[in-house]
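Full structure from sequences and hints, please.
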Amino acid sequence: KAGVTQTPRYLIKTRGQQVTLSCSPISGHRSVSWYQQTPGQGLQFLFEYFSETQRNKGNFPGRFSGRQFSNSRSEMNVSTLELGDSALYLCASSLRGAADTQYFGPGTRLTVL
Amino acid sequence: AQTVTQSQPEMSVQEAETVTLSCTYDTSESDYYLFWYKQPPSRQMILVIRQEAYKQQNATENRFSVNFQKAAKSFSLKISDSQLGDAAMYFCAYRSGGITGTASKLTFGTGTRLQVTL
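Sequence lines, in order, name chains L and D.
Per the numbering used here, residue 1 is the first one in the first sequence, and the count goes up by one each step.
Per the numbering used here, residue 1001 is the first one in the second sequence, and the count goes up by one each step.
Treat each hint with caution, since some may be false.
[Claimed, not checked] From the structure, some residues in chain D lie toward chain L, with a derived Cβ separation under 10 Å:
id, residue
1, R1050
2, R1095
3, G1109
[To be verified] Quick list of in silico lysine-lysine cross-link-like pairs, DSBU-like style, CA-CA up to 30 Å:
id, chain 1, residue 1, chain 2, residue 2
4, D, K1055, L, K57
5, D, K1078, D, K1055
6, L, K57, L, K13
7, L, K1, D, K1070
8, D, K1070, D, K1055
9, L, K57, D, K1073
10, L, K57, L, K1
11, D, K1073, D, K1055
12, D, K1073, L, K1
[Stated by the list, open to error] Covered stretches of chain L (in silico footprint by chain D; criterion: 3 or more residues with CB under 8 Å from a CB of chain D, positions within the stretch not fixed):
id, region
13, 9–22
14, 51–62
15, 74–83
Keep in mind the hints are simulated off the structure, nothing from the lab.
Built from N, CA and C at the ideal position, the CB exists for glycine as well.
If you want it as C-alpha cells, here you go:
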C-alpha cells in the first residue's frame, strides 16, 4: 500500500505571497492532519480534517487554512507569507483519527525569502 | 493542556549496545496513547512504537521496547543491539484517547538526537 505523499517536496516563496501544499493520504484513510516543524518551535499541530470537515485546529493565525476533498486528499494554504513561516510542513493520515495511529508523509520544505 | 518533555537533547550509543531515551508527560486524562517516532536525516517521520495507556504490558517491536510507568507519567524507549540505521531524531508524542476531534492531535516533545558510533 502506498504511503502518504506530499507535493511539492520543496518550495521557495517570497514574503507576501501565498502557497498551497498538497497531501494524499494512505488509501482508505479518511483523517488528515497537518503539522509545522521549525527549529525554534518544534512540531506543532495545525489542523485535522475528517470527511471534508475541519475537526480540530491548533493555535495558528487565520492565514493558515486547509481543506479536504471527497477522496480524502487535503490541501493546506498559507496566505501573506512571513519569514517565520519557513518550516517543514508534515502531513499525517490515519483511518478515522481519534485512536488510530498517524502515518506521516515526507514533508514539504517551505522557504520564505 | 498536555505537555511532553524529553530532557536529553542528544544521546550517543555504540553499535550493538543498548540505549534508553527518556520521556515524561503531563496530563489529567486517564485514556491516552503514547508514541515514539523516529525522524532520520531524510526528515520522514516513522512510527517506532505505540503504547495504549490502558494496557499495563509494555509495548515491544523487535529491538525497540518501552518502559511505561503510568503513575510516574514516564515513557522511555529502549533500543537494543543498536545499529547505524538507528541514528536519527527521536520524538515522544502524546495523544488523547477520546473519540472526539481533539483526540486527533499529537503533542510532541522536543526530541532526542541519537548518534550511533562504531
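Evaluated hints:
no. : hint              : verdict
1   : R1050             : 6 Å, holds
2   : R1095             : 8 Å, holds
3   : G1109             : 8 Å, holds
4   : D:K1055 x L:K57   : 29 Å, holds
5   : D:K1078 x D:K1055 : 18 Å, holds
6   : L:K57 x L:K13     : 25 Å, holds
7   : L:K1 x D:K1070    : 35 Å, violated
8   : D:K1070 x D:K1055 : 10 Å, holds
9   : L:K57 x D:K1073   : 26 Å, holds
10  : L:K57 x L:K1      : 29 Å, holds
11  : D:K1073 x D:K1055 : 14 Å, holds
12  : D:K1073 x L:K1    : 35 Å, violated
13  : 9–22              : violated (count 0)
14  : 51–62             : holds (count 3)
15  : 74–83             : violated (count 0)
The structure fails to meet hints 7, 12, 13, 15 from the earlier list, while all remaining hints are met.
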